[in-house]
Amino acid sequence: DSGVTQTPKHLITATGQRVTLRCSPRSGDLSVYWYQQSLDQGLQFLIQYYNGEERAKGNILERFSAQQFPDLHSELNLSSLELGDSALYFCASSRASRANEKLFFGSGTQLSVL
Amino acid sequence: AQSVTQPDIHITVSEGASLELRCNYSYGATPYLFWYVQSPGQGLQLLLKYFSGDTLVQGIKGFEAEFKRSQSSFNLRKPSVHWSDAAEYFCAVGLLSGGYNKLIFGAGTRLAVHP
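In order, the protein sequences belong to chains A and C.
Okay, so the first sequence: first residue is 33 according to my numbering, each after it adds one.
Okay, so the second sequence: first residue is 4 according to my numbering, each after it adds one.
Among the clues, some could well be false.
[Unchecked claim] 20 Å max Cα-Cα, derived DMTMM-like pairs, lysine to aspartate or glutamate:
#1 C/K52 with C/E18
#2 A/K134 with A/E114
#3 C/K52 with A/E107
#4 C/K71 with C/D11
#5 C/K105 with C/D88
#6 A/K134 with A/E86
#7 A/K134 with A/D72
#8 A/K134 with C/E18
#9 C/K52 with C/D88
#10 C/K64 with C/E18
#11 A/K134 with C/E67
#12 A/K134 with A/D33
#13 C/K71 with C/D88
#14 A/K41 with A/E86
#15 C/K105 with A/D103
#16 C/K105 with C/E67
#17 A/K134 with C/D11
#18 C/K52 with C/E69
#19 C/K64 with A/E85
#20 C/K71 with C/E23
#21 C/K52 with C/E67
#22 A/K134 with C/D57
#23 C/K71 with C/E18
#24 C/K105 with A/D33
[Claimed, not checked] Some but not every residue of chain C turned toward chain A, in silico, with C-beta under 7 Å:
#25 A32
#26 Y35
#27 Q45
#28 L51
#29 F54
#30 L59
#31 V60
#32 F108
Worth flagging that the hints you see were computed from the coordinates, not collected in a lab.
Just so we're clear, the structure is a prediction, and the values are computed from it rather than from any experiment.
Glycine included, C-beta positions come from ideal geometry on N, C-alpha and C.
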């Protein structure tokens, strides 16, 4: 068990809908990262938050947004969903925000857009 | 641009055989290098990492990796594979970009183990 909790584990929704994925980092970790894993794109970095502030942005679509709350949990909001958004979404956390940080990954949320 | 290449998408080995998974990176300086493993239905778990010093690093579960600057490689090895090693393996590079740290993953190598 990595200590990172993601909910829900599975999500099935329709095109055009909006969903929210939730992540609770390990106790004491200040950084939260979101990754999208799909068969054609592999593991893609979406966004990183550190202590409530956005730190880095990767290949995140404008339809997607995220935030980190004062209690350090994070939410990833996906709107106007398309079939191609079906993927496994991982959250990871780390103690700080250095390039040599070890990341602890949650077991992911499997999103299916029908 | 920085990149990580794992040339082998899928590898099959027999239980007890040795294993080497290849990883090449493209980066101007010496990056931070990682190997993560993803078991079916699970998140990624760190196997080992290299920052500096001894170029041969030991990790968990009997894995090791060797950093070769001249070849821009960081190959993962295990002398004797167990059936429980069947999983997907990701090489990753940690680097600073635009003032922020990033972790870039390779496409992954899926390992199957035959009894």
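20 Å Cα cutoff - pair C/K105, A/D103:
Outside the cut-off at roughly 24 Å; violated.
Take a quick look at whether C/K52 and A/E107 sit within 20 Å of each other, Cα to Cα.
With a Cα-Cα distance of about 29 Å, the restraint between C/K52 and A/E107 is violated, given a limit of 20 Å.
Going straight from one Cα to the other, do C/K71 and C/D11 come out at no more than 20 Å?
holds (18 Å)
Is the interface hint satisfied for C/V60? The criterion is a beta-carbon contact with chain A at less than 7 Å.
Violated, about 13 Å.
Starting from C/K71, check that the Cα of C/D88 is at most 20 Å away, please.
With a Cα-Cα distance of about 24 Å, the restraint between C/K71 and C/D88 is violated, given a limit of 20 Å.
Proposed proximity, C/D88 with C/K105 (alpha carbon, max 20 Å)
violated (27 Å)
Within 20 Å, alpha carbon to alpha carbon, are C/K52 and C/D88?
The given pair, whose Cα atoms are some 18 Å apart, holds under the 20 Å limit.
Quick check on the hint: C/L59 CB to chain A CB, less than 7 Å?
violated (18 Å)
Given hint C/A32 near chain A, where the shortest CB pair must fall under 7 Å:
Interface hint status for C/A32: violated (11 Å vs cutoff 7 Å).
Holds or violated: C/K64 with A/E85, Cα cutoff 20 Å?
Judged against 20 Å, a Cα distance of about 36 Å means the pair is violated.
Does A/E86 sit within 20 Å of A/K41, going by the straight-line distance between their CA atoms?
violated (25 Å)
Sort out whether C/E18 lies within 20 Å of C/K64, counting only the CA atoms.
At roughly 15 Å apart (the allowed maximum being 20 Å), C/E18 and C/K64 satisfy the hint.
Checked against the numbered hints above, the structure breaks hints 1, 2, 3, 5, 7, 8, 13, 14, 15, 16, 17, 19, 23, 24, 25, 28, 30, 31 and satisfies the rest.
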